[in-house]
Structures are given as C-alpha cells and as structure tokens.
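Visitor: Single-letter residue listing:
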Amino acid sequence: MTGNLVHIVSILAAALAVSFGAIGPALAEGRAVAAAMDAIARQPEAAGTLSRTLFVGLAMIETMAIYTLVIALLVLFANPFA
Amino acid sequence: MGNPLSLDPLFNIGPVPITAPVVVTWAIIAGLALFSILATRRLRLLPGRTQTLLELIVTTLDGQIRDTMDRDPAPYRPLIGTIFLFVLVANWSSLIPGIEPPTAHIETDAALALIVFAATVGFGISRLGLKGYLATFAEPSWVMIPLNIVEQITRTFSLIVRLFGNMMSGVFVIGIVLSLAGLFVPIPLMALDLLTGAVQAYIFAILATVFIGAAVGDPPNRAKSPKEGTEQ
Amino acid sequence: MTIDWWTLGLQTINVLVLVWILARFLFRPVTQMITERQAAAHAALDDARAAKAEAEAARAAAKDAAAGVANDRTALLAKARADAEQEKQRLHDEAMTELDTLRADARTEMAQAAKDRQQALSEQAGALALDIAARLIDRLPDEARIAGFIDGLADAVAKLPEATRAAIGDGAPVDLRAARALTDAEKTRLTDRLQAVLGRPVDITVTPDPSLLAGLELDAATAIVRNTLRADLDRIEAEVTRHDG
Chain A
572 MTGNLVHIVS ILAAALAVSF GAIGPALAEG RAVAAAMDAI ARQPEAAGTL
622 SRTLFVGLAM IETMAIYTLV IALLVLFANP FA
Chain B
5 MGNPLSLDPL FNIGPVPITA PVVVTWAIIA GLALFSILAT RRLRLLPGRT
55 QTLLELIVTT LDGQIRDTMD RDPAPYRPLI GTIFLFVLVA NWSSLIPGIE
105 PPTAHIETDA ALALIVFAAT VGFGISRLGL KGYLATFAEP SWVMIPLNIV
155 EQITRTFSLI VRLFGNMMSG VFVIGIVLSL AGLFVPIPLM ALDLLTGAVQ
205 AYIFAILATV FIGAAVGDPP NRAKSPKEGT EQ
Chain C
72 MTIDWWTLGL QTINVLVLVW ILARFLFRPV TQMITERQAA AHAALDDARA
122 AKAEAEAARA AAKDAAAGVA NDRTALLAKA RADAEQEKQR LHDEAMTELD
172 TLRADARTEM AQAAKDRQQA LSEQAGALAL DIAARLIDRL PDEARIAGFI
222 DGLADAVAKL PEATRAAIGD GAPVDLRAAR ALTDAEKTRL TDRLQAVLGR
272 PVDITVTPDP SLLAGLELDA ATAIVRNTLR ADLDRIEAEV TRHDG
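Protein chains in written order, with this note's numbering: chain A, 572 to 653; chain B, 5 to 236; chain C, 72 to 316.
With the rest of the complex left out, here is chain A:
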C-alpha cells in the first residue's frame, strides 16, 4: 500500500501545485493586460510596441505556471519515490 499511498499523495501534490501555481501568474497576467490596455488607450500610436512587449511579458509570466506544471509532471511521471 505504500506505493499506492505515494501515488495518491503525488497526484494530490500535482493538483495542488498546478492549482495554486496558477493563481499567481493569473493575477499577474491580468494586471499586465490591464496595464497594457491602459497604455494603449493613452497612446494608441504605440500599440505595436506595447502589444509585442505584452506578449513577451505574458510568456514570461506564463513560464511561472509552466514551472509548476513541470513540477507536477515530474511528481507524476518521474517521482523518485514511486
């Protein structure tokens, strides 16, 4: 049963990691998009530069969520204790 327990705990940990790990990047992305919209509304001629920078920034922020996803996958598929 220890193996089963480890599996159960691993799945729980992965789910927790992804769910909580998604909160921070979600808030950050919301703020980033809001700020970008504000800036574009204020300076429509800079929309090109702003949207390019926004996409790069979103990708950077998204990487945080990806990190948790990687951890979750590691826990699921490359668990050193399983």
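These aren't lab readings, by the way, just hints derived from the structure by calculation. Heads up, the beta-carbon is just placed ideally off N, CA and C, and yes, glycines get one too. Fair warning: there could be bad hints in the mix.
What the hints assert, rightly or not - Only some residues are given here: those of chain B computed to face chain C with a beta carbon under 8 Å:
hint : residue
1    : Ile33
2    : Ser40
3    : Ile41
4    : Thr44
5    : Leu47
6    : Leu49
7    : Leu58
8    : Val62
9    : Arg81
10   : Leu83
11   : Thr112
Said to hold, decoys possible - Label pairs and their in silico Cβ distance ranges:
hint : chain 1 : residue 1 : chain 2 : residue 2 : range
12   : C       : His113    : B       : Gly126    : 31 to 41 Å
13   : B       : Asn152    : A       : Ile579    : 34 to 44 Å
14   : C       : Gly139    : A       : Ala617    : 53 to 63 Å
15   : B       : Pro101    : A       : Ala617    : 34 to 44 Å
16   : B       : Arg131    : A       : Asn575    : 52 to 62 Å
17   : B       : Leu38     : A       : Ser622    : 33 to 43 Å
Claimed, not checked - Below, a sample of chain A positions facing chain B; criterion: calculated Cβ distance under 8 Å:
hint : residue
18   : Phe626
19   : Val627
20   : Ala630
21   : Met631
22   : Thr634
23   : Ile637
24   : Tyr638
25   : Val641
Got chain A sorted already, so can you dock chains B and C onto it with the hints?
Guide: Showing chains B and C alone in chain A's frame:
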C-alpha cells in the same frame, strides 16, 4: 498515456542510441540548409520576393540585437539568428502529423542553453580577457561573487525549463485532449501552440542576447540599461 | 526524470552544425548583399549629389553669363547713348561754328561792301569835287590860279626846317611847277617872296602842269612843298576815305 519525460531510442548507430528528437533535428538541419542554399543562390541587387523575405529577417534580427546590446550585431548574428530560427522551426514542426518538436524534450533545450552558456563565457573572455571577464563576477562588490555564479547557473536552468515546459506542456495537453475528445478538438490548442512556439523562440533568442550582452560588458557609447530581467 | 546524455550531446553537435551552416549559407551572403546594396545606394546617392552640385554650378554659371550679357548690354547701350550724345554735340558745335563763320563772313562781306561803297562814294565825291574845283577854277580869272598861292607857298617854305630851307635853291635853280605858265610879273613876285623868305637870292624855273588845277608846287632836293588846289583836294579825299575806312 506515455511518459512525456522519457525517450526511447529509435535505432542505434554503433553504440550511439539515436532518438526521435535527433532525427527530427537532422531533418530540420537539412531543410534549413537546403532552403539557405537555394534562397541565397541567386542574390541580386534588386531583390525578388524570397530575397526580400531573407533580408527582412536578417535586418530585423540585426535591429533586435542592436537594440538589446547596443553593439555592432555582426559577431553575434550567426549564433542568435540560428538559435531563433532553429527554435522557431523546431516548435512549429509539431504542425507535421506524427512529429514531436525536438524542443519538447529536455535534451534539445539543454543543448541550446549549454551553447548559450558557452557563448556567454566565450564572448565575455574574448571581449574582456580572462581576468576582465572573471572580474565582472565581483561587481558591484566581491560579496556578490557567489550570487553571480549562482545566477549564471540558475538562469541557464530557467532558460532550459522555460522552453521545455512550454513546448512539452503544449504537446502533453494536446495529447490528453486528443485522447479524451477526439480528432478535431485540439486544433485551437495547436494554434495557441504556434503562438507560444513563436513567442518562446523570440524570448529564447532575446534572453541569449541579453546574457551575452551582459557578459561582454557595457556598450562603448552609453551605460547599459537591462531590457529584460535575467532571473525568473 | 532521466536525461539521455547521448541525445544531449548529439543535439549540441547538431545545433553547432546548424549554426555553421546558417552562418555560411544564409547570413553571410544575405549580409553581403545588404552591404552591397547599401554601398550601391550610397554610391547612387553620391552620384546624385555630385550631379546636383554640377547642375547647381551650371545654373550659377548660366546666371553669371546672363548677368554678364545684361551688363554688356547696359554698357553697350550707355556707350551708344554717349556716342550719340557726343555726335549730336559735335554736329551742333560744327553747325554753330559754321554758322558763326558764315555770320562772320557775311559781316565781313557786308563791311567790305559798305567800305567799297563808301570808297566808291568817296571817289565819286573826290571826282565831283575835282570836277567842281576845275570848273570853278575855269570860271575864275587866270591870275587866281597863281596869285593866291604865292603867299601860301612862301609861308609853307617859311615853316620848313632850317636845313631844308637852306637846301632849297642852293646852287641850282628852284624847281617849281605851276598850273600854267607864269607871267613875268608873277614870276618876279614869286622870286621876291622866296628871296624874302629864304633870305638869299634864288633862281626859279617853272614847269607848267595843268593837273595841279591851281597853285604852285616847290620841288626841293629834300622836300616837296605843295601849295596847290589839287593837293588840297587830294588831302580832303584822303581824309574822307581814311575816316570811313
């Protein structure tokens, strides 16, 4: 559902196991080489459509390098440009059915990040000399030496994991959705993957430029203003 | 999690190969082409700039030439005007000079004519006077032609300088011309008068000369004493003529 983190060798050449990413990379190399040779075979002063595209790519690349490093882009153009083109083509190779992008496996990303790391050190030493390059670790004071060394390693790892996580998660999610829903459902996700792949290729190249630019020291004409964070 | 080190190594080599391939076959030719085009564009720009400068120079030269032509024209006009002015002045002067000359000539001619007329009138007057005198003399008695003149001659001789007087009739008879042959009485009287004036005896020879009209004329060696009507008339005529001339 297979393990997305492990690789099975397709065949062996002597003692060397050849895996799928290597084969796809070879195909990409062949394709890019063929394209380059064909496209640059007939260059004219008055460019055709293909030549205009090539020149647009190169000019944009130069502009990005110059914007980021504030230096003449000539010495860095081949490395940065190749990294960008390779990552882009590798990310988009998932468009071909049955092919997994090589960047979705950590070995390819690790290889790219290692090359960037080596290039950082190499350009730094060639520009500042060994002593000068080592002296940059003691800035702004000697207290920062361990932190700077750790930064070198962690940013390389973050480079690896960023690209790997993005591409692997894309492949993984598409696999899950495909196994759950059916044939045409993952198409929007694949479109999102294309965007992610392009953005990640750009980010990888820009970060490599930033790292190399930081290693070769301040630009000659003005103090450097870092464009991107070097730590994630 | 396992990392396939073989794959890592192979991918590293692959990427390095790709870097070399792209650098060799993509970036270098394209960059060269861009550089060439930039050079060509620069050359074209330089050419255009040079051509523009040339055109500017040509335009400036044309402007200068036009200005030169204008200057020349102005100078020519001024010169022509000056020439015309000069010519006009010259013609005017010439005309004035000619006019003056003509006027002077006319004046001279008029003066001459007047003088000639005067002369003629004088001569006519002289001739008339002579004529009148002759007629008058003709009407007078014959003695009158001589008698009235003897005293006059003696007075005239008395007015002569001493040396001249001394020379008269010295050693030779005094040469006298008279309007007619003298009578003896007249001759005696004349001799007496002369002797009284001269203070010594003289001999006289008389030559008749009707052109004298009336009177006596004494011909000495150094002097001629005229005491005749003719001489008077001549003197009057000369006086009139001189006065007019």
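Visitor: Each hint needs a verdict: does it hold in this structure or not?
Guide: Status of the hints after comparison with the structure:
A hinted interface residue such as isoleucine 33(B) counts as satisfied when its beta carbon comes closer than 8 Å to some beta carbon of chain C; here the least separation is about 5 Å, so the hint holds. Restraint check, serine 40(B) versus chain C: the minimum CB separation of about 4 Å is within 8 Å; hint holds. Of the supplied interface hints, the one on isoleucine 41(B) holds, with its beta-carbon coming within about 5 Å of a beta-carbon of chain C, less than 8 Å. Taking 8 Å as the C-beta contact cut-off toward chain C, the hint placing threonine 44(B) at the interface holds, the least distance being around 4 Å.
About 4 Å separates the beta-carbon of leucine 47(B) from the nearest beta-carbon of chain C, less than 8 Å, and the hint is met. The restraint placing leucine 49(B) at the interface with chain C holds, with a minimum CB-CB distance near 6 Å, inside the 8 Å limit. Using the Cβ-Cβ criterion of 8 Å, the hint placing leucine 58(B) at the interface with chain C is satisfied: the shortest such distance is roughly 5 Å. For valine 62(B), the shortest C-beta to C-beta distance to chain C is roughly 5 Å, which falls under 8 Å, so the interface hint holds.
For arginine 81(B), the interface hint holds, the least distance from its beta-carbon to any beta-carbon of chain C being 6 Å, beneath 8 Å. Checking leucine 83(B) against chain C by beta carbon gives a least distance of about 6 Å; that is within 8 Å, so the hint holds. A cut of 8 Å between beta carbons decides the hint on threonine 112(B): the least distance to chain C is about 5 Å, and the hint holds. Evaluation of the 31 to 41 Å hint for histidine 113(C) and glycine 126(B) yields a pass: the beta carbon distance comes to about 34 Å.
Between asparagine 152(B) and isoleucine 579(A) the CB atoms are about 42 Å apart, so this pair conforms to the stated range of 34 to 44 Å. The hinted window of 53 to 63 Å between glycine 139(C) and alanine 617(A) holds, with their beta carbons roughly 59 Å apart. With their beta carbons about 41 Å apart, proline 101(B) and alanine 617(A) fall inside the hinted range of 34 to 44 Å. Our hint of 52 to 62 Å for arginine 131(B) and asparagine 575(A) holds, since their Cβ atoms are close to 57 Å apart.
With their beta carbons about 34 Å apart, leucine 38(B) and serine 622(A) fall inside the hinted range of 33 to 43 Å. Residue-level restraint check for phenylalanine 626(A) holds (minimum Cβ-Cβ distance to chain B is 6 Å; threshold 8 Å). Annotation: valine 627(A) was flagged as interfacial toward chain B, and the flag holds, the nearest CB pair being 6 Å apart, inside 8 Å. Interface restraint check for alanine 630(A): the shortest CB-CB distance to chain B comes to about 4 Å, inside 8 Å, so the restraint holds.
Taking 8 Å as the C-beta cut-off, the interface hint given for methionine 631(A) holds, the closest approach to chain B being about 7 Å. Checking threonine 634(A) against chain B: minimum C-beta separation of about 5 Å stays under 8 Å; hint holds. This hint holds: isoleucine 637(A) has a C-beta 4 Å from the nearest C-beta of chain B, less than the 8 Å allowed. Satisfaction of the interface hint for tyrosine 638(A) is found here, the shortest Cβ-Cβ separation to chain B being roughly 6 Å, below the 8 Å cut-off.
For valine 641(A), the suggested interface contact is upheld, since its CB lies about 4 Å from the closest CB of chain B, less than 8 Å.
The structure shown violates none of the earlier numbered hints.
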